[in-house]
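One line per chain: the protein sequences are A and B, in this order.
Counting from 1, position 106 in the first sequence corresponds to residue 106 in the numbering used here; the numbering is continuous, with no gaps.
Counting from 1, position 62 in the second sequence corresponds to residue 62 in the numbering used here; the numbering is continuous, with no gaps.
Bear in mind the hints are in silico, worked out from the structure with no lab data behind them.
One or more hints might be untrue.
[As the list claims (entries may be wrong)] For the chain B half of the interface with chain A, some residues (derived, Cβ under 8 Å), not all of them: (1) 4; (2) 77; (3) 80; (4) 86; (5) 167; (6) 171; (7) 182; (8) 185; (9) 186; (10) 188; (11) 233; (12) 259; (13) 260; (14) 267; (15) 273; (16) 281.
[What the hints assert, rightly or not] Computed cross-link-like contacts, DSS-like style, restricted to lysine-lysine with a CA-CA straight-line distance of at most 25 Å: (17) 40/B / 10/B; (18) 396/A / 299/A; (19) 44/B / 71/A; (20) 44/B / 10/B; (21) 689/A / 44/B; (22) 29/A / 664/A; (23) 40/B / 71/A; (24) 477/A / 551/A; (25) 580/A / 555/A.
[To be verified] Computed Cβ-Cβ distance ranges for the label pairs, DEER-style: (26) 20/A / 15/B: 52 to 62 Å; (27) 714/A / 14/B: 40 to 50 Å; (28) 713/A / 24/B: 23 to 33 Å; (29) 280/A / 16/B: 34 to 44 Å; (30) 125/A / 280/B: 54 to 64 Å; (31) 431/A / 41/B: 28 to 38 Å; (32) 4/B / 39/A: 41 to 51 Å; (33) 41/B / 59/A: 46 to 56 Å.
Yeah, the Cβ is synthetic: ideal placement off N, Cα and C, and Gly gets one too.
So the chains spell out like this:
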Amino acid sequence: MAKVLVREAARTQVVGQGVPRLDAEAKVKGQARYADDLSFPGMLYGKAIRSERPHARIRRLDLSRVLAHPKVACVVTAKDIPGRNCVPIIYEDMPLLAEEIVRYVGEPIALLAAETREDAEEAARLASIEYEDLPAVFDPLEALRPGAPQVAVPTAAERGNLFNHMVIRKGDVARGFAEADVIVEGEYRVGYQEHAYLETQGVIAVPEENGIAVYGTLQCPFYVQRAVAAVLGLPLSRVRVVQTATGGGFGGKEDVPSQVAAMAAVLAWRSGRPVKVVYDREEDILTTSKRHPAIVRYKTGAKRDGTLTAVEVEFYYNAGAYQTLSSAVLWRGLVHAAGPYRIPHVKVDGYSVATNTVPCGAFRGFGSPQVIFAHEAQMDELARRLGMDPLELRQKNALREGDETATAQVLTESVGLLSCIERAKELSRWEERKQKVAEFNARERFRKRGLGVSTVMYGVGMGAKAPLLDKAGAYVKLEADGSITVAVGNTEMGQGAMTVLAQIAAEALEVPLSVIQMAPVDTSRVPDSGPTVASRTTTVQGLAVLDAARKLKAKINRAVQEILGCPAFVVEGRSFCDPKDPRRRVTLEEVARWMWVHNWDMGATGWAEAAPVDWDPKTGLGNAYFVYAFACHIAEVEVDILTGEAHVRGFWAVHDSGRIVNPKTAWGQVAGGIAQGIGYALLEELQAKEGRILYPTFTAYHIPTTLDMPEELVIDFVEAPYSGGPYGAKGLGEVPLMASHAAVANAISAATGGRLREYPALPERVLALLEGEK
Amino acid sequence: MRLRPIPAVKPRSLEEALRYLEEGGRPLAGGTDLLVAIRKGQEKPELLVYVGELPELRILREGPEGLEIGAALTHAELLVHPATERFPILRAVLRTIGSPAIRAMGTLGGNLVTASPAGDSLVALSLLEARVRLVGPRGERELPIPEFLVGPRKTALERGELVRSVFLPYPEGHPRSFFRKVGRRRALIIAVASLGALVWVRDGRVERARLALGSVAPTVLRPRDVEEALVGRPLAPEAWEDLVPVLSAATQPISDLRATAEYRRKVAGRLLLALAEALQAGP
Ligand SMILES: Cc1cc2nc3c(=O)[nH]c(=O)nc-3n(C[C@H](O)[C@H](O)[C@H](O)COP(=O)(O)OP(=O)(O)OC[C@H]3O[C@@H](n4cnc5c(N)ncnc54)[C@H](O)[C@@H]3O)c2cc1C
């Protein structure tokens with residue numbers, strides 16, 4: 001068994017402490033200022049005029065009545081964009097405003113700014129657009145058929161509507177299946193998942209003397225900076241992006257704010273006035289990115305003793321009308337398709353396909369939950385066929401240190417998967433619980449219970465598809481009064497990043513946490529630090545903070561040595577003292593004052609670059625990510641066999657994310673991920689027809705409430721430290737959601753005796769499973 | 001979409017309120033139904049008349065025959081008031097309405113006048129054979145629930161009239177109460193189907209039963225044939241099986257975004273077994 005440090009005695013002071021979130025008080029008191037709370041003198045309200053058709057040629061665009069509205073200050077069409085008509089993300093196929101062709105319902109065609117929000121909404125309805133409908137396609141398999149309507153912008157597609165096709169070819173699956181005693185096969189389908197962040201999209205663009213400033217709710221300020229510079233035709237140095245308090249992101253504020261900000265910026269530039277664009281819930285659900293709907297096919301082989309021999313996977317992601325982040329989402333799905341298992345023969349084909357639907361994008365897990373649903377269902381089907389305990393089957397095949405992943409990457413360190421499984425087994429009292437569930441099912445007439453398991457791995461950081469983004473900068477400065485300011489380029493969106501980064505700074509500087517103040521994120525403060533995504537902030541941004549803090553610490557140490565006149569000293573709270581003569585001491589405030597008086601440079605910059613990765617697109621082999629996080633989840637559900645209602649009663653989640661910097665915020669991440677996973681597997685359904693989302697409200701789209709959370713919820717961490725992370729930390733953010741839904745899905749299958757192959761497991765679907773639809 | 005301001009008044013007395021209503025005003029209590037409908041553009045009132053704090057609508061009077069509940073009392077208020085203790089079915093139902101925030105704003109009168117096929121309180125009011133007390137320009141009148149609820153989202157309320165209160169007669173003896181609301185999640189959910197029951201039990205058998213179904217017909221449904229067929233039956237699901245299809249057949253469900261008619265029909269019948277099981281398990 002791999003050696004893993006379980007709860008290694010903390011050798012740190014601040015790192016490892018469950019300190020309360022630094023932003024908690026302001027948020028609880030209602031003092032945090034979100035995008036819509038901000039207002040600037042002379043501010044206008046911007047609004048998009050959007051396509052009502054899924055695929056059409058714009059015959060005539062008549063905005064005369066919009067212009068005639070007395071409260072409209074500015075109207076913009078594609079030809080009024082000062083820079084390029086493009087929202088640059090990975091590809092450059094998506095225009096800011098459609099010119100000739102619209103490709104999805106809700107695509108922006110024109111923009112207006114008016115004196116009030118109500119005026120803007122009213123004026124937007126005055127636009128008159130004549131369309132010539134074009135044949136449209138909504139299903140990815142249909143979109144790939146010869147003769148399907150052409151949706152994709154040709155320069156952004158491999159061919160036809162195929163945005164991207166990516167592969168893994170490892171070993172020889174034909175041989176692998178020939179060696180197998182048991183083979184299971186299945187097709188699995190999932191629909192959209194909506195982010196449902198509390199705060200909808202919102203930005204304010206403010207023209208400044210030398211350029212433009214953009215304030216907004218966003219994850220990736222440097223993406224927004226690039227998009228705004230592109231549409232305005234300005235150098236990056238004249239665009240400044242400031243993040244406002246952000247009410248949730250989950251990936252939904254990775255690329256979408258670039259579009260929203262570009263709209264506001266063009267209007268602000270044209271009108272010369274600040275322009276606010278804030279979506280209401282309907283507009284947000286209708287027009288912003290979601291998790292990709294998917295069709296996923298698996299075939300998995302194993303020997304009689306459970307040893308996996310081969311897996312073959314084919315999956316299709318419905319990308320929507322433009323590329324946005326789909327190629328990266330597809331790639332993560334590809335790399336994660338084989339799961340956290342040792343499999344000698346692997347063949348994976350992933351396809352992302354253009355259709356006349358709203359572009360999908362990033363969502364916690366980023367293309368992995370869809371394949372995880374399938375690979376964990378396959379593991380369960382195998383266990384059933386082999387008559388094996390599902391945990392034991394996973395234990396048997398779990399990746400260990402020294403093993404090769406599906407991309408032939410050798411895992412050299414920090415592989416805590418087996419420890420996760422063992423701990424989850426122990427915490428859930430697995431054997432006893434299995435017994436109890438069996439007794440319950442024998443006794444009860446109208447209720448059945450089931451246990452479900454999932455194990456996952458997660459490649460931390462951007463990975464080999466986008467290594468140039470995996471970097472971060474930090475600036476740490478000691479103020480003249482001994483307080484410390486830390487500036488970073490990654491963002492807080494409710495996940496606790498600022499707290500954890502401050503803890504890392506405090507630890508490295510050997511100062512109390514209260515001394516540290518995190519500066520608002522502003523692109524003008526630090527170099528491009530990449531996006532706040534991919535569970536990379538603690539690891540990569542944390543390293544940059546550590547780097548800066550260590551450099552500053554060295555300066556402080558030198559100053560203390562000069563002041564005390566001794567080469568060594570000890571730190572006691574905010575004081576430094578001579579070990580030989582403890583009365584000789586100097587406080588941090590005095591040191592800072594001394595440095596200031598002596599004209600010392602009191603700042604330090606830090607930089608981090610993720611460890612190198614590599615990848616061969618032809619074979620799909622290589623070192624895909626610099627390190628992996630792992631988890632094992634166990635769910636117990638109860639289904640009502642009269643109604644098909646399902647409820648998760650118990651949940652046991654164990655994670656290896658390396659060293660846990662803050663156990664409290666980490667607990668919150670896991671609990672939230674469990675809730676989102678319960679929603680994905682059981683509740684969340686966004687009905688759409690011919691490219692139209694039918695009910696864009698929370699009355700129809702059901703996210704879980706506190707009452708839908710399990711009565712018994714146990715969360716724990718095993719810590720397999722990562723030598724390349726700050727104090728041994730790896731990433732955690734996305735992992736809980738990735739694992740949780742699959743455990744719930746497997747528990748539903750166990751309780752019903754059927755096999756859940758499509759999300760969500762709504763009561764009607766559960767009844768069908770109970771009644772023998774396999 | 002944002003709301004354009006709508007003129008609103010806050011009358012100090014019932015009389016004043018009725019005058020505004022005569023001028024075409026629309027009663028507003030908690031607003032948890034009406035404001036949603038206005039926002040969706042389904043309702044376009046010219047004048048809102050806030051009745052939520054009218055003293056006449058906020059009474060709670062325990063009489064010898066029953067309890068009179070002011071229409072403007074909120075679900076949350078009714079849930080904690082000692083006077084509702086004698087009506088466990090009412091509490092069981094109110095507890096499932098919306099969320100704490102919705103229960104703190106929403107009123108019994110509002111739920112009644114909205115007359116949604118999924119209106120949860122209607123199940124309890126129907127089981128308790130409540131009477132609705134109306135007041136209008138031509139004085140007061142009282143209607144039993146079935147006469148008040150004339151169809152989906154339609155009531156016998158006339159222009160200018162207000163629901164003043166609801167009268168709940170004390171049920172005879174000590175019936176057992178049951179309420180089960182089926183939906184996609186455990187809170188903040190509109191019923192896909194619901195079954196409420198008052199069952200009088202004697203010597204392990206049903207002496208008398210009242211059943212009411214929500215969300216499976218244009219309005220709350222009392223399946224009298226099933227109620228009668230239950231009399232004399234032992235408290236055991238297996239002894240009720242034959243009535244499951246009968247109850248299903250009594251429903252007239254529709255398909256909508258929440259469920260298909262087929263599912264509703266099936267589940268409505270099966271809830272009878274859940275009731276039997278609950279009765280069998282004991283109080
Ligand atoms: C998120 C959410 C969840 C909900 N969940 C549920 C649920 O689970 N179950 C359920 O049954 N309902 C639910 N509702 C609906 C609503 O909350 C209830 O129907 C509530 O009881 C309505 O009361 P109100 O005081 O808010 O009514 P209002 O919105 O103020 O009024 C509703 C209607 O009644 C009229 N009216 C109000 N008072 C009087 C009066 N005294 N005389 C005459 N007419 C009057 C109004 O003119 C209007 O037509 C939910 C609503 C929301 C927004």
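Margin query: Taking the Cβ atom of residue 713/A and the Cβ atom of residue 24/B, is their distance within the range 23 to 33 Å?
Written below: With a Cβ separation near 53 Å, residue 713/A and residue 24/B fall outside 23 to 33 Å, so the hint is violated.
Check: Does 46 to 56 Å hold as the CB distance between residue 41/B and residue 59/A, or does it fail?
Finding: The hinted range 46 to 56 Å is violated for residue 41/B and residue 59/A, with Cβ atoms some 28 Å apart.
Notebook entry, point to check: Regarding residue 431/A and residue 41/B, is the given constraint of 28 to 38 Å on their beta-carbon distance met?
Noted result: 58 Å, violated
Check: With a cut-off of 8 Å, does the beta carbon of residue 80/B approach a beta carbon of chain A closely enough for the hint to hold?
Finding: At about 19 Å, which exceeds the 8 Å cut-off, the nearest Cβ of chain A leaves the hint on residue 80/B violated.
Checklist line | Restraint outcome when residue 182/B is required to lie within 8 Å of chain A by C-beta distance | finding: 5 Å, holds
Margin query: Does residue 86/B hold up as a contact with chain A if the rule is Cβ-Cβ below 8 Å?
Written below: Violated, about 27 Å.
Check: Taking the least C-beta to C-beta distance, is residue 259/B closer than 8 Å to chain A?
Finding: 7 Å, holds
Notebook entry, point to check: Taking 8 Å as the limit, does the beta-carbon of residue 188/B come near enough to a beta-carbon in chain A?
Noted result: 6 Å, holds
Checklist line | residue 125/A versus residue 280/B beta-carbon gap, inside 54 to 64 Å or not | finding: Holds, at about 59 Å.
Notebook entry, point to check: Should the interface hint for residue 233/B be scored as holding, given a Cβ-Cβ cut-off of 8 Å against chain A?
Noted result: Hint on residue 233/B: violated, closest Cβ of chain A at ~17 Å, above 8 Å.
Notebook entry, point to check: Given the proposed pairing of residue 580/A with residue 555/A, does the C-alpha separation stay at or below 25 Å?
Noted result: 22 Å, holds
Check: Does 34 to 44 Å hold as the CB distance between residue 280/A and residue 16/B, or does it fail?
Finding: 36 Å, holds
Hint compliance for this structure: hints 2, 3, 4, 5, 6, 11, 16, 21, 27, 28, 31, 32, 33 are not met, and every other hint is.
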